[in-house]
Every structure is written in structure tokens, then in C-alpha cells.
Amino acid sequence: MKKMLLLLSLALLVVLASYGGAAEKVTLPIAVFPDLDGAYEQCLPLFNSEYPDIEVIINSLGIDDHHAHIVTTIAAGTGAEDVVAVEIAYIAQFVAEGGLVDLAQAPYNATDYSHSITPYALKQATTTDGRLVAMPVDIAPACGFYRRDVFAENNIDINDIKTLEDLFAAGEIITKDTTGDGRNDHWLLADAASIYDMIIHSAPELYFDEDGNCQVNSDRFREAFTWAKRFHDAGLAGAIGAWSQEWFAGFQEGTVAYEPCGAWLGGHLEGWMAPETSGKWGVAPWPALHEGEEPMAGFWGGSYLAIPEQSQNKDAAWKFIEFIATNRDSQITAFKATNAFPSWMPAWDDPMFEEELEFFAGQKARLLWTDIAKAVPGVVTYKYDAIANSIIAAELGMVLHEDKDIDRALSDAQRQIERRIR
Amino acid sequence: MAVKNIDIQNLKQKNMKRHMQRKEPEPLVNVKSGVSKFFLYLPLVIWALITLYPFWYMLVLATRGPAEIFRMPPPVWFSKALLSNYEVLLDRLPFWRNLWNSFYIAAMASLLSMFFCSLGGFGFAMYKFKGRNLLFNFMIATLMIPPLLGIVPYFIMMSYFGWVNTPRALYLPGAAGAYGIYLLRQYILSAVPPDLMDAARIDGCTEFAIYYRVVLPIIKPGVGALGLISFIGSWNNFMTALVILKQRVTYTLPVALRSFQGAAQTHYGAIMVGATIAVFPLLIIFAFMSKQIISGLTLGALKG
Amino acid sequence: MEKLEAGQIKINPFRRWQKKAAPYIFISPFYIAFLIFGAFPIVFALYLSFNTWTGVAGTAIEFVGWENYYYTLTDPMFWDALKTTILIGVYSGVPQHILALFFAFILNLGFVKVKEFWKATIFMPYITSAVAIALVFSVFYSHPNGFLNYIFVLLNNIPGLSSLLSWIGLDPPVNWLANTAWMRPAVSFTVVWMFTGWNTILYLAGMQAISHELYEAARVDGARWPQIFFRITLPCLKPMIQFAVIMTVIGQMQLFDQPLILFGVHGGTGRAGYTIAMFLYQTAFNWNFFGSAASIAYVTFMFILIITLITKRLLRSHEEVD
Numbered sequence: 025m026k027k028m029l030l031l032l033s034l035a036l037l038v039v040l041a042s043y044g045g046a047a048e049k050v051t052l053p054i055a056v057f058p059d060l061d062g063a064y065e066q067c068l069p070l071f072n073s074e075y076p077d078i079e080v081i082i083n084s085l086g087i088d089d090h091h092a093h094i095v096t097t098i099a100a101g102t103g104a105e106d107v108v109a110v111e112i113a114y115i116a117q118f119v120a121e122g123g124l125v126d127l128a129q130a131p132y133n134a135t136d137y138s139h140s141i142t143p144y145a146l147k148q149a150t151t152t153d154g155r156l157v158a159m160p161v162d163i164a165p166a167c168g169f170y171r172r173d174v175f176a177e178n179n180i181d182i183n184d185i186k187t188l189e190d191l192f193a194a195g196e197i198i199t200k201d202t203t204g205d206g207r208n209d210h211w212l213l214a215d216a217a218s219i220y221d222m223i224i225h226s227a228p229e230l231y232f233d234e235d236g237n238c239q240v241n242s243d244r245f246r247e248a249f250t251w252a253k254r255f256h257d258a259g260l261a262g263a264i265g266a267w268s269q270e271w272f273a274g275f276q277e278g279t280v281a282y283e284p285c286g287a288w289l290g291g292h293l294e295g296w297m298a299p300e301t302s303g304k305w306g307v308a309p310w311p312a313l314h315e316g317e318e319p320m321a322g323f324w325g326g327s328y329l330a331i332p333e334q335s336q337n338k339d340a341a342w343k344f345i346e347f348i349a350t351n352r353d354s355q356i357t358a359f360k361a362t363n364a365f366p367s368w369m370p371a372w373d374d375p376m377f378e379e380e381l382e383f384f385a386g387q388k389a390r391l392l393w394t395d396i397a398k399a400v401p402g403v404v405t406y407k408y409d410a411i412a413n414s415i416i417a418a419e420l421g422m423v424l425h426e427d428k429d430i431d432r433a434l435s436d437a438q439r440q441i442e443r444r445i446r
Numbered sequence: 539m540a541v542k543n544i545d546i547q548n549l550k551q552k553n554m555k556r557h558m559q560r561k562e563p564e565p566l567v568n569v570k571s572g573v574s575k576f577f578l579y580l581p582l583v584i585w586a587l588i589t590l591y592p593f594w595y596m597l598v599l600a601t602r603g604p605a606e607i608f609r610m611p612p613p614v615w616f617s618k619a620l621l622s623n624y625e626v627l628l629d630r631l632p633f634w635r636n637l638w639n640s641f642y643i644a645a646m647a648s649l650l651s652m653f654f655c656s657l658g659g660f661g662f663a664m665y666k667f668k669g670r671n672l673l674f675n676f677m678i679a680t681l682m683i684p685p686l687l688g689i690v691p692y693f694i695m696m697s698y699f700g701w702v703n704t705p706r707a708l709y710l711p712g713a714a715g716a717y718g719i720y721l722l723r724q725y726i727l728s729a730v731p732p733d734l735m736d737a738a739r740i741d742g743c744t745e746f747a748i749y750y751r752v753v754l755p756i757i758k759p760g761v762g763a764l765g766l767i768s769f770i771g772s773w774n775n776f777m778t779a780l781v782i783l784k785q786r787v788t789y790t791l792p793v794a795l796r797s798f799q800g801a802a803q804t805h806y807g808a809i810m811v812g813a814t815i816a817v818f819p820l821l822i823i824f825a826f827m828s829k830q831i832i833s834g835l836t837l838g839a840l841k842g
Numbered sequence: 185m186e187k188l189e190a191g192q193i194k195i196n197p198f199r200r201w202q203k204k205a206a207p208y209i210f211i212s213p214f215y216i217a218f219l220i221f222g223a224f225p226i227v228f229a230l231y232l233s234f235n236t237w238t239g240v241a242g243t244a245i246e247f248v249g250w251e252n253y254y255y256t257l258t259d260p261m262f263w264d265a266l267k268t269t270i271l272i273g274v275y276s277g278v279p280q281h282i283l284a285l286f287f288a289f290i291l292n293l294g295f296v297k298v299k300e301f302w303k304a305t306i307f308m309p310y311i312t313s314a315v316a317i318a319l320v321f322s323v324f325y326s327h328p329n330g331f332l333n334y335i336f337v338l339l340n341n342i343p344g345l346s347s348l349l350s351w352i353g354l355d356p357p358v359n360w361l362a363n364t365a366w367m368r369p370a371v372s373f374t375v376v377w378m379f380t381g382w383n384t385i386l387y388l389a390g391m392q393a394i395s396h397e398l399y400e401a402a403r404v405d406g407a408r409w410p411q412i413f414f415r416i417t418l419p420c421l422k423p424m425i426q427f428a429v430i431m432t433v434i435g436q437m438q439l440f441d442q443p444l445i446l447f448g449v450h451g452g453t454g455r456a457g458y459t460i461a462m463f464l465y466q467t468a469f470n471w472n473f474f475g476s477a478a479s480i481a482y483v484t485f486m487f488i489l490i491i492t493l494i495t496k497r498l499l500r501s502h503e504e505v506d
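Protein chains in written order, with our numbering: chain A, 25 to 446; chain B, 539 to 842; chain C, 185 to 506.
Accuracy of the hints is not assured; some may be wrong.
[To be verified] Ranges of calculated distance between the beta carbons of each label pair, as one might list FRET restraints:
#: 1; chain 1: A; residue 1: D431; chain 2: C; residue 2: L339; range: 56 to 64 Å
#: 2; chain 1: A; residue 1: S268; chain 2: B; residue 2: F818; range: 27 to 35 Å
#: 3; chain 1: B; residue 1: M827; chain 2: A; residue 2: P299; range: 43 to 51 Å
#: 4; chain 1: B; residue 1: L628; chain 2: C; residue 2: P260; range: 26 to 34 Å
#: 5; chain 1: C; residue 1: P369; chain 2: A; residue 2: R244; range: 32 to 40 Å
#: 6; chain 1: C; residue 1: L219; chain 2: A; residue 2: S268; range: 52 to 60 Å
#: 7; chain 1: A; residue 1: E48; chain 2: B; residue 2: M827; range: 36 to 44 Å
#: 8; chain 1: B; residue 1: I822; chain 2: A; residue 2: R244; range: 27 to 35 Å
#: 9; chain 1: B; residue 1: L580; chain 2: C; residue 2: L339; range: 16 to 24 Å
#: 10; chain 1: B; residue 1: I822; chain 2: C; residue 2: L219; range: 42 to 50 Å
#: 11; chain 1: A; residue 1: E177; chain 2: C; residue 2: V337; range: 47 to 55 Å
#: 12; chain 1: B; residue 1: K668; chain 2: A; residue 2: A120; range: 37 to 45 Å
#: 13; chain 1: A; residue 1: E48; chain 2: C; residue 2: I220; range: 39 to 47 Å
#: 14; chain 1: C; residue 1: P343; chain 2: B; residue 2: L587; range: 22 to 30 Å
What the hints contain is simulated information worked out from the structure, not anything from laboratory work.
Backbone N, C-alpha and C define an ideal beta-carbon position, used for all residues, glycine too.
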């Protein structure tokens, strides 16, 4: 009888304990920007099958607003979600300024995963004293998205475009005025600044070198500006702002034939920007800068997830981050959903990479992206990248639209940046 | 403590008479010629059309799907996408909650300012006290300080208090605003005879009772106008709300609309539905109370 | 309270104290609120402007003296933003007031029926949310298929008009929100749309206070309408104009909502729509330079003060001169 009682009470205890455990549902708000919201929504069922007690709430804001939001909430010490997404352009700022939990420490021990995470992504989120403030979750190898039909119409073979000079020549053929109103309506590019982006994003150093010296007044930047201006002055770009209605229209109607961008653009194009153009696109590596060189290989984006120090749910937050960043299935799901390229290298040998993508007329685009990802040089980022980007972009605008002298523009930019970060 | 009600009634009647007698002034010019009239009416009509057009356009766009909004030729008449736009809006944002947030904060701002500003205006208008002019002029000078100046420290303070992301950070600080006190002081000066104060005191009123039972009823129109103005100002506030509110469920309408705009897939049909909801409640209030709002606003400016 | 008999005025000490203390108590809410939410931020901003701070709770606030001010005053971005803000201010301020005076004058002539209707209609834009309206305008201005461009393209097809349009510099369809030549006028128009009504109402109220006898006297003397307007109406209206213009100046220098919605946080192509308010917002809330942002705020305040004083001087009426 006593034994029965003991067994019964033990059973009761177990039931109660599990019941108590199950009743402890944790709400985990996360802050992201598009298209991560779409990607993570797709991952939630997977996540919840492993962690049924964590209810994830996705808050999404436009990328600028999102970063202003996390800057202010981290500054305020309150109001931040438990998991925040940080884009590569801003990561260095947070690395330097703090407010995020060091994931290299116990109980997270994120560095245990180092061997499987794309090295340059990991490096960027690490401080000089070895703290890992954010976990890479996706990288963005960049390529050229081109319209097969437009290229074919103009008898241009994408494989013949080996250098920027070749791209320029192709652009001259493609750009035309079909309606006879004196203005071009078919262009190679949407915006000549893309040429600048290609050259800069494939360099091992961004705006600052290893020692934190601003190096915008360098040959590479000079070349980037000169090339961009050349494309612009020849009318090869439609002066169309990215993410504007016209930009979408350019893709839908084929008036823009080539767009250098991160792999994730494919997801946007297929998902909502121009789904009806499926089969008309192809992806190609960027041309080389100079004759005889390797094609430029660069990145165009990349996201990290971090835990603000103020979070009360660090445990659950880490579970989510770990899941998204290191779980093969979730990396693949996010990739399938929005072309958020996995930063988790073991995921790269998934059979889906061999898949022939219908949107790209059967091209095995994912393999190309993997190749590019391997070729991207590690990038040096610095906490003032966001400001440098802002200043340089303004100068580039003046060079392109107001014919400002390139040398002056670059030295002005250098001076302004140096002053700002004194 | 009985207030001599007769005095109040008397005063009210006198006020009424004064208002009734204020007829419309005779026309400055008798424009006989129909042609002249036409040319004088024309600018008004054109401007009225320009004024009304964006509201019309907003409604039209709210009934159109996003692809239709940007095609050529652009839409000029209604279509059938209202329901689907509305669904997208609600899918992305807790919009009715945002509407409630805007309403709640505006209502609180309105009530608080009506109370504190009338009290303050009463104090400045009806009492002679040491430092009165200095304090009043100082208060007016603060109107010139641009809000821009304080936004950063304001944010730091709110985070120090733990008020970030709370409604009270938005309605509490402006509760006793200088403009409102100024406005009501002018109103009280013009509408309430000073002898009333002594008369009420003789009857045994406390100072607060004088405010509450005697003066407040008289200045109801002015207070009402201030309440409406505060409501409108709070409803439309953007920059402060943008800095303070951090979660979708706490957003007010302007911030909610902005958050919608930033997304890569900006669904313009849904945004227009949201914009309509953000704009039309105020328009309806305005339609009924335009006279009071306008006179309340101009009163302060006139006497200044 | 004691019941008093007729004729007996008895004021006990408590009552006297109450009478003395009451005004201070009544006006205190403003001062308390102002001290906490008005004065303190201003003082703290002044303090911040002499320091650098990233704004992250717990990090150091370092004293740097005048460096922030020196930096701001020699920062090309600041002067650019200031120039933009003033240009937009002028493009929107001048039409606002001219139109308002004009409409108010017409309404004041007295023959307009149903004045309340016109007043209400013209005033309506003032009570709308700048954000909502800017969103509508962003669709209206869109390129190439926005409604405004549609109208201009149609007009351009009329032979005579097309040369007129290109003479002005318009080449439809125009990219109103991304062509640096047109961005500022575009945003200025949204401001004009919003505030003309408000100013009209102000001026109308002011005009109604002008005694008819003045007009009668002038007409007896044979004055014509333009003369009457410029010699009588305007001078009498000066205090009101001064008030309205100063309000406009103070508001325009802080323009934020519309340019943010229309152009985005960077102010659009070539930063043509980048106002001082946006610059301050970015400096503090995007780049974490809280100290620098505070110095920007104070320098801007100085400008507002200077421009306001100039305006006051230019528009002073006779009574004030003495």
C-alpha cells in the first residue's frame, strides 16, 4: 500500500512538474527588417516543434527605421526586443558601442560553432578583445541578375562579359530609345551607383583599413567613382532609385537588363516584385575590374542576430538565435523562403543547392552563389561605417548628378569623415 | 456656502446678449456686378478644390489595389479593393489598437490641458501677484523654444523614468502648455468681469471654488476650443511619438503608418486605408465643431 | 465657512492667505511640468552639447568643451541642411502668406455667402496628420505614373503648352521626388497646402477687427481698391502678420514630418530634402552622436532666434517702434 502511494505521488509529482513546465510559456519578441520577417515566419513551425514553449513575436520595420529603433532602445536601456537583427552595415557600430550580450561567453559559447560559420561574417561581429556581440545568420554573396531575353535580343552572351569594359560595351548596345521620344527607355542598369557598389563591395577593406584609417581617398574609390560616372554619362543607367515603384516596374517590364545585387534579390523578384518574369532571369558573377583579373566577388548585405543586455529572456533568446544560425533545417528554410544565403557552412552541401531554379531558366543559381561566397574576401568593418557610407553616397550623388570633380569629391569625403570621427 | 446664483445668471445673460448682438458686419463693398463676383469667387473655388482633392484622392486610392495605383493612367474613381486592402492593413498592424492608442493619448492630453490651462489662465488673469508679469512673459518666451531642442534630452529623461514606450510620455509633459494658458488667460480677461471674484468671495467661496463654480462655466467655449486643439495636436504628433513608441501595439496612427511605409513591400492600397482612418475622425469632429475650433484658435492670436 | 450677514465683510486670516497663495498654486502645474519637461531638457541639452556621448546607458559622458560647436559650425552637412531648410522655408512660407492674405481679403469683402463653409474648407488641411497627407502626396507625385505627371503629360501634348512648359524647365513626366530641381518645391507645396488655410483664418480675424470707418473714409477720398489694400488693410494687419510669420518661421525651421515621409531618412537624391531636423534626428538616433546633436539643436535655435528678431524688426508696426 505504501509503495503504491509512493508511486502514485511520484507519478503525480512528475505530471505536475511537466504540467508546470509546460505552462511556462515564454513570449519572445524579436526585432527584424524585411525580408527576415518572411524568412523567420517560415522557420517558426520548425522552431516551435523543438521549443513549443517559446512564442515568437516578429516585429518588423523598414531597415532604416529598424536600426534607429534598436539604437534608441539600446541607448535607453529599455524597450528593445529580446532578439534584434543587425545588418552588416550597422554591425560594426554595435560591436564598438556595446549594449549587446557577449555570445562567446557561457552559457552561450557561440564560438564553439566557429568552424562552421562563414569566417568573414564571424569576424565582423567580434570585437578586438574577442567578444562576439552578434551571431551571423545569413550572408549575401552578390552577383549580377540579368535578363536573358534582353541579352538574347541584343545578341549578347553573358559569358563574354569578362571585364567592366565588356559590360560597358554591352550596355551601349542594350540602352536604346525605342519610342523615339528622344529619351532612352531601355537601360542596362537602374542606377550607375551600382557600378560603384560592385567595385567597393568586392574590396577587402571597406571605408576604413585595419587600423581605422579612412581610406576613401584611394585608388580603388577613385576607380569606382570614375567607372560609375562613365556609365552614368553614357546614359546606360535609368536614374531609377532602388526600391521605388519604377525600379519594380523596370524588372517587370525588362527595361532594366542588369542589376548587381545580393542573392536575396532573387527571393524578392520571385516572391513579389516580378513573379511573372519567371524564367527570364539568369545570374552571373560580376565582371573583373581589370583585364586578366578574377571576377569581382563581393557581398551585398548580411544579417546578424543579437541579444540586448537589457533582455529578460536571454535564455529563450539564445535558443532562437542558435536555432536560426546553426540549425541546418532552419538555414535551408530561410534560404528557400527569401534567398537569405546560409552563413552556416555545413548547410551548403544540401541537395537543394543543386536544384535547377525555374526562375532562372533552370540555372543552378545556388551553386554559383556558393562559389561567390567562398571567393569573397574577408571585409574589414569599422564602427563608423554607417556615417562613412552616408557621406560617400552624398558625394557620389554630386559626382553623378552635378558633375562634381571626382578628386575633389573624394578628398571632401575623406576630410568630412575624418572630422566626424575625430 | 451658497453662491449667489443670481449674479451668475445675470452675467450669463449679459454675455449672451453681447454675443447675439455681434452681428455680421455689413459688407465692405456691394459687389453688384456678377462678373466681378465671379472673378472674386474663382480663386476661392480653385483653392477649395485644391484643398479637397487630396482627401478625395486618398479615398479613391484606398479602394484600389497596389498595382492599380501605379499604372497609367492613374485611377480617378473608386474601385472594389477596399476590403482586401483593409485585410492587408490589419494583417500587418494592429491598426484598431493603434487607433485606440491615438484616441486615448489625445483624449488624455485634451482633458489634462483643459484642466491645467484653465487653472493657469485663471491664475494669471484674475489675480495680481508679485512677479506676475515676469512669470507670464517668461512663459510666453518658452513658446519660442523649438521642440527640436529638447527631443534628445526628452528621450533620455523618458528612458530614465522608464516611460519609454508608454502613453504617458506623450500626454503628460505637455499637459500644462504655455499656449493653452495664454489662450485661456486672454479669454478669461475678455469674458469675465473682475468684480465677479470679489462678489463670489463675499459669498464665502474658496479660491478654487471660484474657479470651479463661477469662472469655468463662463469660459466653457474657450476651454472647449482648447480641448479640441489639444486633441488635434496630440493626434497628429509624429516626431515625439516616433522616438518614444517602440512596439507595434503601442504605436499611434502616424507612427504605425510610417512603420508600414518602411517595409520593402509597401502595400499602398493598405496604407491609404490606414491614412483614411487616421484622417477622417478628425475631419468629422471638425465638420461639426469648425466654428468653435477656429474661433478658439484665432482668439489667442487676436488679443496678442 | 461662516454664514455672513448682509453688509458684514469678514475675512479670516486663512482666507486671506488663500487669496494670496491661490494664484501661485494655480499656475504651478505649468511651472512644475515646465521645469521637469521643459527646462530640464533644455539645460541638459546644453550640458550634452559640451560633451560626447553615445547614448548607451552606462557609457561615459566625456567633456569636450566647444568642440561640438566648432565641428557643427564647420560641418558642410550642417550648412547644407540649413540651406535646404531655409530654402524650403521660403518656398513654402512666402506663397502661404500671400495666398492667405489674398483669400482673407476676398472673404472679408463681405459678399461671400456661407462664409463659414469657406472658412471651414480652407482650414481643413491644418487638422490633418502630416504623415497621412505626405503619404498621399507621395503617390500623387510618383514618377512616371503619378496623377500630377499624368496631368502634365496630357498638357504637354497640347502644342502651345509644351513649349511653355519646357520654358519653365518642366519636361514631363517629372520625377518630383527624386529630381533635385523639383524636390524642394514639391515638399514646399505640401506645406503650403497644409498651412494656407490656417493663415487665412488668422488674417481674416485680423481684418475683421479693422473698423469700416477707415474704409469709408478712404473711399470718400476716392481711393481705389489696391490702394486701400496696401495703405489701410496691410498696415492695420501688421501685428497679425508679424505673429503669423514668426509662427511660420519657427515651424519651418523644424520641418520634419513631410520630408521624412517623401524622401526617406537620408533626404533623397543629393540630400536635397534633408532638413536640419532630419540631420539632428540622424545624428542622434542613427549615429549615436548625442553630444553633437545637442550642439546642432542649439546652433539651430540661435538661427531661429536671429531670423525671428529680424522678422520682428522688419514687420514692426508703428505702436511698437516707440
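Next item on the list: Against the structure, test the hints numbered earlier, and report the numbers of the ones violated in rising order.
Entry: 1, 4, 6, 7, 8, 10, 11, 12
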